[in-house]
Structure formats: structure tokens, C-alpha cells
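Novice: Going down the list, the protein sequences come from chains A and B.
Note that our numbering has the first sequence beginning at 1, numbered continuously upward.
Note that our numbering has the second sequence beginning at 1, numbered continuously upward.
Please keep in mind that the hints were generated in silico from the structure rather than gathered at the bench.
Please note that the accuracy of each hint is not assured.
Derived CB-CB ranges, DEER-like [what the hints assert, rightly or not]:
#	chain 1	residue 1	chain 2	residue 2	range
1	B	Tyr-6	A	Thr-29	52 to 62 Å
2	B	Thr-167	A	Ala-37	47 to 57 Å
3	B	Ala-19	A	Ile-4	44 to 54 Å
4	A	Phe-28	B	Thr-35	39 to 49 Å
5	B	Arg-170	A	Thr-29	34 to 44 Å
6	A	Arg-159	B	Arg-170	51 to 61 Å
7	B	Arg-30	A	Ala-37	45 to 55 Å
8	A	Ala-37	B	Gly-96	36 to 46 Å
9	A	Ala-37	B	Gly-21	33 to 43 Å
10	B	Leu-38	A	Phe-28	42 to 52 Å
11	A	Thr-29	B	Arg-30	26 to 36 Å
12	A	Thr-29	B	Leu-18	30 to 40 Å
13	A	Pro-89	B	Ala-94	25 to 35 Å
14	A	Asp-71	B	Thr-110	33 to 43 Å
As the structure is a prediction and not an experimental result, all values here were calculated from the model.
All C-beta atoms in this analysis are idealised placements derived from N, C-alpha and C, irrespective of residue type, glycine included.
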Amino acid sequence: MRTITGIAGFLCGMAIGLALVMLNPVVFTQPGPPVPAGALRTLSWQAAHFRGIALAPQALLGLDSAAESGDTFADPGIRHARAEVMVIPAGAGGPALGIRLSALARHNSLLRARLGTVSQTNVIWPTDGSLFLAGSENLWTPLRDALWSAVRGRGFRPRQAGYLLPPMPGLTGTQLVIGAGGRYSGARGKYRETLAPGAEGSGDFAAHREVQLGIE
Amino acid sequence: LRRTFYASLLAGVVVTILAAGVFPLPQHQRYRSITSVLANGGRQESFTIEWPRDRVPLTEQSPDGVLVNAGGTAILPGPGGVAASAELFRLRDASGNVVGLASRATTNETGADGKPVQSTNWMLLLPSRGSLLLRQVNTVDTTPRPRTLGGALAPAQDAPGFWAGGTRQRITGQPEAGSAGQVLAGTEEFDRLQGSYEEIWELTEVAADGATRGRIMLSTQTTMTP
């Protein structure tokens with residue numbers, strides 16, 4: 001009887017410990033996304049075909065058993081990286097071509113509620129100009145919601161329609177807009193990004209992204 | 001029994017939190033940086049891309065049907081043919097190790113003097129170190145073009161006549177013409193680095209069907225900004 005009680009207590013303790021980690025209060029001490037200033041521009045796009053890791057709990061936690069197959073890179077230096085090319089409906093000026101390179105952030109930590117990626121995005125408006133977005137995204141909150149949903153038997157599906165993503169704590173020079181060419185040459189600013197998750201089973205959190213740029 | 005239960009409960013909480021602390025999250029393989037120090041205190045670092053083996057294949061067509069794949073290059077069509085193009089590559093260090101991913105985006109735009117120019121933006125992402133964002137004005141047209149009259153678009157280096165001027169082509173504009181390649185920004189270990197770079201294509205082999213092999217060399221010279 002004592003053994004059964006001990007096991008039951010230990011399992012309950014593990015459940016409480018898991019809940020404490022998931023509901024990590026550290027997340028409330030982390031910096032939020034920047035508030036862009038200056039001329040604002042909003043870009044949004046649907047997820048496109050990508051090569052590399054999926055933005056899903058398995059890949060973020062390194063539990064992806066399919067990591068050696070499919071579209072994931074086999075080279076050790078880029079095994080946890082991702083590349084995608086997309087069309088960004090940009091309104092006036094026609095569509096833009098977008099390229100996004102990202103990788104798991106180097107200082108991810110479950111105890112410090114850091115689980116995210118660093119990313120670089122290049123947006124090119126033909127004949128008009130181009131700019132870079134250099135930033136990071138802490139995916140802790142959507143991941144937590146997805147795990148919580150899974151615990152309740154509803155599958156890995158973040159519950160919110162959209163997540164305003166904070167940058168990874170501790171990184172400097174993040175969420176930057178850097179003008180490259182054309183009318184954006186020399187421009188500087190900040191951006192913030194909202195991620196809308198896809199349906200469960202889509203294999204990727206990032207079904208739709210919206211970026212609000214502030215160019216000073 | 002109650003004491004056993006609470007002791008086990010506490011042990012379960014502690015073990016789970018400790019396990020979260022030592023959980024082996026994915027780490028990037030890191031290779032030793034191969035840099036040299038310049039006389040002005042800056043540093044030089046070179047990267048290479050070998051085509052076609054380092055080209056990251058793209059999907060045949062984007063879901064919305066707007067992007068077109070031309071031999072591994074994504075093309076945004078425009079009124080004059082190619083409005084913008086994007087290529088993805090594995091990026092190697094000077095020793096040939098794959099250290100990151102690189103993207104190359106090319107478009108035509110209006111230059112500072114009001115004349116049309118072709119420009120290229122590079123993003124170099126080294127997951128274990130950070131990223132570099134580069135921009136240049138091209139001296140050579142690198143947009144995809146048909147390999148045969150009326151044929152499908154293919155990468156510029158496979159097009160007939162591209163190598164007529166020699167097997168080594170400097171793509172970046174000349175510094176003396178005021179159009180050197182610029183290192184615009186960097187992140188993480190490359191944070192606050194600015195400087196210049198040059199892009200050189202070198203042909204090593206031409207197959208019977210006209211497909212080529214070669215390498216793209218990116219040589220960066222950077223200094224720390226205050």
C-alpha cells in the first residue's frame with residue numbers, strides 16, 4: 001500500500017511540476033514585442049512550402065523522429081534550420097517576393113520559458129525597393145497552449161486565433177527593419193509579428209503571419 | 001501513508017523541474033570560425049557555395065500559383081519577364097563545412113542616379129553564430145534566362161554565353177565606381193558589424209548538356225561599429 005501511495009504521489013507531483021513549468025511565471029518578466037514607430041506598413045502572408053524544421057512542439061523540443069527524413073536538412077550545421085520563399089500580397093506596387101531563413105534559437109531553455117527561433121526575412125518589391133527584417137520569436141506561449149490542448153485530448157492546437165510574438169530574451173539587435181535598396185535604402189525601424197496557428201495536424205504552427213513595420 | 005504521499009509528491013515536483021532544467025534541447029553544430037585580422041583591425045571571412053549541389057530545391061510552384069520554379073530558382077513574374085528571383089543555398093565555410101543557409105534575391109530597381117540597376121540581397125544565416133545581411137549592385141545580369149530559344153528559364157550560370165568573358169566573373173559592382181557590396185547589418189555574433197564584401201562566380205565544369213558546376217565565393221571584410 002505504501003508503494004502504491006508513493007507512486008501515486010510521485011505521479012501527481014510530476015503532473016504539478018509539468019504544470020509549473022508550462023505555466024512558467026518567468027514569461028511575465030520577459031520583454032514584450034516592440035511598438036513600431038514612424039510610417040507603419042503591414043505585411044501578411046500565408047504559409048508557403050518550406051524546407052527544414054516545422055514550427056511544431058516536436059521540432060522545437062528535438063523530439064521529431066522524422067528529423068532525418070523528409071524536407072529536414074541533414075547537414076549537422078543546419079539540421080535545426082528552416083528556409084521558405086513566399087509571395088506577399090502587398091497592395092499598391094504589386095506583390096512582393098519574400099524569403100525567410102530561420103533556426104532554433106541558441107539559448108532555448110524550458111526553465112526560463114525560452115523556446116523559439118531567430119529569423120531573417122528579405123522582402124523585395126520589384127522596381128520599388130527591398131528591406132530586411134532581423135528578429136527572433138519566442139514561441140513559448142503557443143507551444144504551451146498546444147501542449148495544454150494535447151493534455152486535454154484536443155490535439156496539439158494553440159487556442160488563440162493569433163499570437164503577438166515577443167522576441168527571445170537576451171538577444172540584442174532584434175526585431176529590426178533594415179532598408180536595403182530602392183525607396184527603402186538607408187531606412188531603419190522596428191517590427192512586430194503576429195502568428196496565426198493552423199489546424200491541428202497541419203504540422204506547423206505558422207499558418208499565417210502578419211508583420212507590422214515601423215520605418216523611421 | 002499521508003506522509004509518504006506528500007513526500008512522493010514533492011519528489012515528483014522536484015524531479016520534473018530538474019528534468020526540465022537538463023532536458024536536452026536541440027543544439028546547432030558549431031565549426032571553428034575561419035577569420036583573419038586585417039591591418040585596420042577589421043576581420044575577413046570567406047564563404048563558398050558550390051552549385052548545383054548546394055542549391056536547396058524549391059517547390060515546383062507556390063500554392064497560390066504566383067511563384068514559378070526555374071531550375072531551383074523561385075521567380076516572381078513581372079511585365080518584363082522576371083520581376084524578382086530568389087535562390088536558396090547551403091553555405092560553406094572556407095574549409096567546406098556546411099555552416100549555414102544563404103538566400104540570394106535579385107531584382108531590378110532604380111539606382112541613386114535615377115538609372116535602372118540590378119541589385120542582389122544576400123542573407124547568410126549561420127545558426128550557431130548569427131546572420132549577415134548583404135546588398136550589392138550587380139555588374140553582371142544574373143537573372144534566370146532560357147537555355148535554349150523559347151525554352152524554360154534556367155539559372156543564369158547555365159545559360160549559353162554567360163561565361164564568354166571567362167571562367168571567373170565578379171558579380172559585385174566595383175568599389176571605385178561607388179558600388180561595392182555592403183554588409184548592412186548582422187545579428188548575434190555579427191551584431192554591430194559593417195563593411196564590404198564581394199561576390200565572385202567561378203566555373204569549374206561544363207557538362208555535355210550545358211549544365212555547369214562551379215562555386216560562388218563571398219568574401220566579407222567587416223569592422224565593429226561603435
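Novice: Decide, hint by hint, whether the structure agrees.
Specialist: Here is what the structure says about each hint:
1. Tyr-6/B - Thr-29/A: 52 to 62 Å: violated, 30 Å
2. Thr-167/B - Ala-37/A: 47 to 57 Å: For Ala-37/A against Thr-167/B, whose Cβ atoms are near 50 Å apart, the range 47 to 57 Å holds.
3. Ala-19/B - Ile-4/A: 44 to 54 Å: 23 Å Cβ-Cβ, so the 44 to 54 Å window is violated.
4. Phe-28/A - Thr-35/B: 39 to 49 Å: holds, 40 Å
5. Arg-170/B - Thr-29/A: 34 to 44 Å: violated, 51 Å
6. Arg-159/A - Arg-170/B: 51 to 61 Å: holds, 54 Å
7. Arg-30/B - Ala-37/A: 45 to 55 Å: Since Arg-30/B and Ala-37/A have Cβ atoms about 36 Å apart, the given range 45 to 55 Å is violated.
8. Ala-37/A - Gly-96/B: 36 to 46 Å: holds, 44 Å
9. Ala-37/A - Gly-21/B: 33 to 43 Å: Holds, since Ala-37/A and Gly-21/B (Cβ atoms, about 38 Å apart) stay within the stated range.
10. Leu-38/B - Phe-28/A: 42 to 52 Å: holds, 46 Å
11. Thr-29/A - Arg-30/B: 26 to 36 Å: holds, 29 Å
12. Thr-29/A - Leu-18/B: 30 to 40 Å: For Leu-18/B against Thr-29/A, whose Cβ atoms are near 21 Å apart, the range 30 to 40 Å is violated.
13. Pro-89/A - Ala-94/B: 25 to 35 Å: Given a distance of about 41 Å, which is not inside 25 to 35 Å, the answer is violated.
14. Asp-71/A - Thr-110/B: 33 to 43 Å: holds, 37 Å
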